[in-house]
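Asks: Given two chains presented individually in distinct reference frames, assemble the corresponding complex, making use of the accompanying hints.
Quick mapping for you: the protein sequence lines, in order, are chains Y and D.
Each residue of the first sequence is one higher than the one before, counting from 1 in this note's numbering.
Each residue of the second sequence is one higher than the one before, counting from 1 in this note's numbering.
So the derived label-pair ranges between C-beta atoms look like this:
#1 Y/Glu84 <-> D/Asn172: 34 to 40 Å
#2 Y/Val188 <-> D/Ser133: 52 to 58 Å
#3 D/Gly253 <-> Y/Glu84: 47 to 53 Å
#4 Y/Leu247 <-> D/Ser89: 31 to 37 Å
#5 Y/Trp26 <-> D/Ala10: 40 to 46 Å
Below, in silico cross-link-like pairs of lysine-lysine (DSS-like), each with a Cα-Cα straight-line distance of 27 Å or less:
#6 Y/Lys164 <-> D/Lys69
#7 D/Lys183 <-> D/Lys69
#8 D/Lys69 <-> D/Lys51
#9 Y/Lys164 <-> D/Lys51
#10 D/Lys51 <-> D/Lys183
Some residues of chain Y that are not near chain D, with every Cβ distance over 12 Å (derived):
#11 Met27
#12 Val36
#13 Ser47
#14 Leu133
#15 Ala162
#16 Glu225
It should be emphasised that the hints constitute simulated quantities derived from the structure, not laboratory data.
Everything numeric in this text was worked out from a predicted model, so none of it was measured.
Ideal Cβ placement from N, Cα and C applies to all residues, glycine included.
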Amino acid sequence: MKALRRVPAVFGFEWRRALTIPRLSWMLALAAFAPVLLMLVRSAAGSPPPPMVAAVFVYVLAPGVVCMMSVFLLATPAISAELEGRSWVYLAVRPYGLLAVLLGKYLVAVTWALPVGLTSAILSSVVMADTELPRMVAVQSGLAALSCIAYAAVFLLIGVLAPKRAMVFGVVYAVGVEVGAAFIPAAVNLLTIQHRLRCLLVRGMRMDEGVAERNPVFLSYFGDETATWHIFILLAMTASYLIAAALILHFREFTAAAETDT
Amino acid sequence: MIELRGVTKAFDRFQALHDITTTIPAGVTGLLGPNGAGKSTLIKILLGLLKASAGEAQVLGFDVWQQSKTIRQLVGYMPEDDCYLPTLSGVESVQFAARLNSMPAIEALRRAHEILDFCGAGQERYRTVETYSTGMRQKLKFAQALVHDPPLLILDEPTSGLDPDEREAMLNRIRMLAQRHDKSIVICTHILPDVQQVSDHVVILAAGRVSIANSLAALSRPPVPALEVRLTGPRERLLVELASRGLDAKRGGNDSVIVLGDSADCVRAIWQAAATSDSLIRSLTPTRNSMEAIFLDAVRSSTRGVSDADS
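Chain D extracted, bound-state conformation (with noise of 0.2 Å):
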């Protein structure tokens, strides 16, 4: 879907991006990293908005500055930024995005409506953008950047500003976006959660450069297997039967009880010593490390080697 090969963009004597090589697949992608990690500028060379001081970059097969116009056909982008046009109302700006990309009159207004209807803008569509909240804001750009049906879509912190309903309708429309109409989607965001919730692949910059770039079940994955026990019930008492049938285990967070090995026998030997303790297990799950654990390990990491490399 977007491979990177040496990318490297330097503004004046500021390096924003040092030899990006990587590989985005098709999926919902997300690209997280601190401020100044070099998302945005990575973003507007995808979009070739700004040219590359070295390396190479294709999207969807296209070279990023020789075939800029195709991709930028080919791809809708969500600012972080309000970039709306004053004066004109939510579906002339929409309807506007489509005329600019290619679409008759009529068809295009047909195809605003129908696209804020999916984004489930009411009649608020027929209000001017200026007067508009940042719900509606964001729905809006949403809006704008799929109206011409774009096989990827960029999202720039499309659920930033949301209240806890609204983000979740977001993420919802994402999630449809890339389960049922096969688009492949870039959400650059803040917000840990929602890439572990809608994301099948991360890519961590730090610093201008890839810090991690795998599918999240990979990152998710501990390094050594182990199963969570959340319970009911005395958990000394279960710790002291886990260890007398030879199982590793220890307190975890919230009163659950982390119990290392996941095969078949060590399972059975949970629940046996689940009953011998008189405690109730009320979940038993694989853990997974957690995005933000993720994230920040790739950050410390990271800025530990520009360290080493500076010193």
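So that you can see chain Y by itself, here it is in the shape it has in the complex (with noise of 0.2 Å):
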């Protein structure tokens, strides 16, 4: 609880630190990526898409790509930054100061990204959807809230368990088990986000209304259970990485890179 007290504040004082023009220009191209890309794909494509196919290209770039994409920048070289940086010790000997650091760059990484996803989310959505418009907002927002939740979970992990290759490890971690392994009709895709975001998806936009009950490929895809289900999974697996990632934190005995002296 003590450590929670000081979030607050780590949170104000990195979202200053944060608040600079590259990063906002990068997140604004972020933001304009997927709307920009669809516009240029259905004005190509000449006839509006199937509801269906415009949910799905919508969900593929905005709570994918951009969600995806914007936690990894953030979060995943949170810790190596101040390790990289030598601030590391400044935040170290602090009471409490690691645990606080830590939840303070998810939430700072979780608010800088939820725009751009929301942005991107919404925007997209217009440009692709010609009926059910509300839905497919409401969906692909919630699809991207819940995106940028559990990814700067997992990602701020990574940044804990690897430091020193964060950002090597999050793209390994990005296409084999995000893009990888959450295709493969097995049980192992079950522990990706990627397989509830996509279930989230499919029962949001009611896509397997009358397709479910016959199809054994489709359940083995998307399972049979409820959207509630889905979130709550979604939630309890970004609380498992955060406490993990405070455990290690706890635990291991960092160094900063530029220390040689023993």
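Replies: See the structure below:
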């Protein structure tokens, strides 16, 4: 509880540190990426896409690529940046400093990525949906929010596990697990965030109506659990990643990169 | 203040600390040692950033590993490396440190200004820390260590990179904190005159072992008491006069004379000899071992000990 009281301070200071023109620029570019690309795709196609195809396109680009990319860039280097910038000791010697910093940085990553993901999801939905626009906006916005919340935790954990090669391991995780393993029709895909988001998309956009009962392949990819269950599992995964990161930070001996003297 | 019992630390095959057992009392303590002696490792163990491979350590009565959070609340640490948070101003950095030590925002800001005033940081406090000179960075690190008013300060190379005026000012601050504010301070440095100027106690580490741990007064005292006579006038005649009075005297550095003994009779005889030899005594002081001599002796004897043990 003592650590939680310090989180707002870390959050405030980290937000101010993050508020730079280069960062604002690339966040704006990320937010614009999905709607601009979808606009080009739609104009090239000529005719409006079927609602299901439109929903999948928006999902892949906004809650998928844009949200994951935003939190990847913000959360993965959170710990390594402090170690390489020699500011680790500044934070580590404060009581509860490490936990407060971890949670503060997590919140900063989520709150920076969230507007980007939401803007991207809403604009992309507007570009692609000819019918059911309110539903599409609501579902894609919800998925964008959950994507930011869950991916921020997993990338932060990767940053804590491997601070020296955090970005490399982050890419390996994103490609290997969230793109590769998530599409294997086996129990392993249940452990991915992608699987839960995908199932939520299907439930939210009612893509499973009349399909699930008669299609075992469909069931193996999208299951038959309720949307509430998937949301609960996603939040539980987020909490467990954060707890694991906090425990590693507490027990691991980190030394700053620049230190050579014993 | 700090108790170490058999503290050992190994990194893979490299043994950084060997069975360190010592006590650091309240007051100002100089922690000395050549590069690679284990000073930084020892400090990190005291702060709970590294776990000792064996042994026990207590800081202010708290176990360094079990109660590290309590210790961090009670200890201010000034690291040797620059450890500033880019894009923040000086006052924001100090305020952030205070907030991480549980102070409310307004109180943290007030305290940050108070400490920066104490450290002699002027309007520079409003500039971003990346633009700071070495001297200002040292002041900032010192302020960050002090902002939560800890009873124990651990300062790693506090005067490194400072010009003579700034160095003197920093040493004065350390003295003031120890004498007027009752703080205990551990100074880890290579600048031996700084230790001689402000420390009450000295711990010298060499090759991961405690080579010397004693009060500075005891270490400075030579094995045989002696007096150093600085004079204006013929040194040789004074030496002859001293010998005729049965005193054991020899030439010292800078045209001084060293006389063995420090009794009142000895002092009287020196004054009489000076009068007879037409020499004018400028100063008459007990001789002290220099910090350099103490340090070099400690390091050499420790190195010899390690070589003997290896062979």
